[in-house]
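Heads up: the protein sequence lines correspond to chains D and W, in order.
Okay, so the first sequence: first residue is 1 according to my numbering, each after it adds one.
Okay, so the second sequence: first residue is 1001 according to my numbering, each after it adds one.
These are calculated hints, taken from the structure and not from any lab test.
We put the CB at the ideal spot given by N, CA and C, even for glycine.
A few of these clues could be false.
Part of the chain D face toward chain W, derived, beta carbon under 10 Å [to be verified]:
(1) Glu133
(2) Thr135
(3) Gly138
(4) Ser159
(5) Pro193
(6) Tyr199
(7) Gly206
(8) Ile207
Using C-beta positions, here's what the derived DEER-type ranges look like [claimed, not checked]:
(9) W:Lys1028 / D:Thr301: 47 to 57 Å
(10) D:Met279 / W:Glu1087: 46 to 56 Å
(11) W:Asn1027 / D:Arg297: 44 to 54 Å
(12) D:Ser60 / W:Gly1039: 44 to 54 Å
(13) W:Gly1054 / D:Gly128: 18 to 28 Å
(14) D:Lys167 / W:Glu1003: 38 to 48 Å
(15) D:Arg242 / W:Gly1054: 39 to 49 Å
(16) D:His14 / W:Glu1060: 35 to 45 Å
(17) W:Glu1011 / D:Ile195: 15 to 25 Å
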Amino acid sequence: MNSISVEKILEHFHLQQINQTPIENMILVSDIKRPGLELAGFFDYFTPDRVQVLGRTELSFLQELPKELLTERLDKFCSYDIPCIVVTRGLEPPQELIDLSQKNQIPLLATDYSTTSFVSRLTDYLEGEFAPEVTKHGVLVEVYGVGVFIKGDSGIGKSESALDLVKRGHRLVADDAVIIRRFMRGALVGRSPKISKHYMELRGLGIINVRTLFGAGAVREEQSIDLIAELEKWDDTKNYDRLGIQDDTEEILKVTVPKVTIPVRPGRNLAMVMEVAAMNYRLKSTGYNAAQEFTKRLEETLRNGN
Amino acid sequence: MVEKKVVIKNETGIHARPASMIVQLANKYGAEVTLGKDGNEVNAKSIMGIMSLGVSKSTEVTVKAEGEDAQDAVNALVELLESGFGE
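So that you can see chain W by itself, here it is in the shape it has in the complex:
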C-alpha cells in the first residue's frame, strides 16, 4: 500500500475536467487506486466517485494505491494533482 497526501491548489477544485484527467491517468495503472477526503474514499478510476467527493481548493486529499505498479500510480497522480491540472 502506497499512500500520499496532496493539497489541491487550483482555484476551482476538482471539477469535471480535472476529474476526467484523474480517471484517465488512474486507468493506465493496474493497481487499485483510491482518492480520499475526510475519511471518505472513492475509486480513482471512476469519474462519478471523484466528482461526488466535492474537492474544493486548499482541500487535502489522500492518494492511495495497492498493487504491482502502486508506487508509479501514486507518483503520477500526485504530480497531476500538484500541477493544478494546467489551470
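Isolated chain D, as found in the complex:
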C-alpha cells in the first residue's frame, strides 16, 4: 500500500507546526477534506483518513460557536484517526483545537497559502506521489515532441537506435529501465531510475554518458509516453502491417497506448523508421491518417473507373 509521511508534506510545503505532537502519521489517500458540516455537528459521512484543511470560513465559523459547543465539536473531530490538520493563510486556530489535537497526537500545521491555492497544490503533489508506478524494460526517447517507448528483447538494438535518434537531435529519457507513472486522466509519464539517469549501455563500448557526450540538449528528465515502438526480429513467415490502417495498441498501467511493431533486419535504418513513426503519430493526432486517405483515393479511382 502506498503512503506518504506527514513529515514529507511538512518539508515539501514548508509548513509550520503549531502544536508539539511528534509527527509520525502517514497519509494513505490523495483526497483532501475541508471539514464544514462536520464542524456543524454532522459526522455521518466524515472522511478522517484525508488531510484536513481549515481555512478562513471554517475558523470564522468555529469562532462564532459558544465555548461549550466548540469544545464538544472539536473533541469529536479530533477523536478520529486524522493524519494531520492544516490551517491556511497563517491564521490562528482556537486554543481548543491546539489542545485537543495535541491530546490526540494529531499534528496541527500552518501554511501562509490561501486555502484554494494550498488545496490545489497539495492535490497535485499527492496525486503525483500516489500515482501507480511500474518499471519496464525498454528505452524512452523523445522524438519531435513525441514520447516513444522502444521495447523488444535484449540485444535487438534498442539502445543503438536510441543513440542514433540522439545523434539526429532527439532526446534520451531512460535507457534499459523506465519508471512509468500514471497520472490523472490516464497520462503516462516515464523517467529514468536515479542511478542510470543519462547513462546508456552499448554492446562493445560499455557504459556511456549521453549528457556529457552529446550535451544537455540530448537528454530529458521526464516525458509522456505517446507511442510504443516494439522491435522484433524480422520473421519471413510473419505478415507485417503494410497499410497501417489497423491501429495496434498495448496497455501500460491500464492505459491504452498506440503501438507500432518494427521488424529488425541488418542494414535497416531503425532511427529513421522511428522518426517517421513519431511524425506519423503527430499527423494522426491532428486528424490526418495517410493510410486512410490513400485507400479512400484508391476507392474513388476504382469507382470512377467503373
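With chain D held as given, fit chain W onto it using these hints.
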C-alpha cells in the same frame, strides 16, 4: 513461471561487476528472466536495468523466469546470487 527469492550476502551489494556476471549468465538462457526488488522488476539480461535497481547488502531480490529453460535459469542465477559473486 518459476520464481525464487534470495537475500544478497556480499558486502558491496550488486555493483558493476556482479551485475555484469548476472547479465552474462542470464543471457545463456532463452527464458525471459527478471530480477525484482520492492515490486520493481527489471530484465536480468540488461546491465543498466540491474544496476538501476540499486541492490545493497541484505536486500531480498526475486528471480523470475518464464520459458522453456526457466527452471535452469532460476537455479543458476540463484546459485550465483547466493555465492556472493566470489567476493
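These are the hints, each one checked on the structure:
1. Glu133: Holds: closest Cβ of chain W sits about 8 Å from glutamate 133 (chain D), inside 10 Å.
2. Thr135: Holds. Min distance 4 Å.
3. Gly138: Holds, because the Cβ-Cβ distance from glycine 138 (chain D) to chain W comes to roughly 9 Å (cut-off 10 Å).
4. Ser159: holds (8 Å)
5. Pro193: holds (4 Å)
6. Tyr199: holds (7 Å)
7. Gly206: Holds, about 9 Å.
8. Ile207: Because about 8 Å separates isoleucine 207 (chain D) from the closest Cβ in chain W, which is inside the 10 Å limit, the hint holds.
9. W:Lys1028 / D:Thr301: 47 to 57 Å: holds (56 Å)
10. D:Met279 / W:Glu1087: 46 to 56 Å: Since the Cβ atoms of methionine 279 (chain D) and glutamate 1087 (chain W) sit about 50 Å apart, the hinted range of 46 to 56 Å holds.
11. W:Asn1027 / D:Arg297: 44 to 54 Å: Cβ of asparagine 1027 (chain W) to Cβ of arginine 297 (chain D): about 48 Å, so the range 44 to 54 Å holds.
12. D:Ser60 / W:Gly1039: 44 to 54 Å: holds (46 Å)
13. W:Gly1054 / D:Gly128: 18 to 28 Å: holds (22 Å)
14. D:Lys167 / W:Glu1003: 38 to 48 Å: holds (40 Å)
15. D:Arg242 / W:Gly1054: 39 to 49 Å: holds (44 Å)
16. D:His14 / W:Glu1060: 35 to 45 Å: With Cβ atoms ~37 Å apart, the hint holds.
17. W:Glu1011 / D:Ile195: 15 to 25 Å: holds (19 Å)
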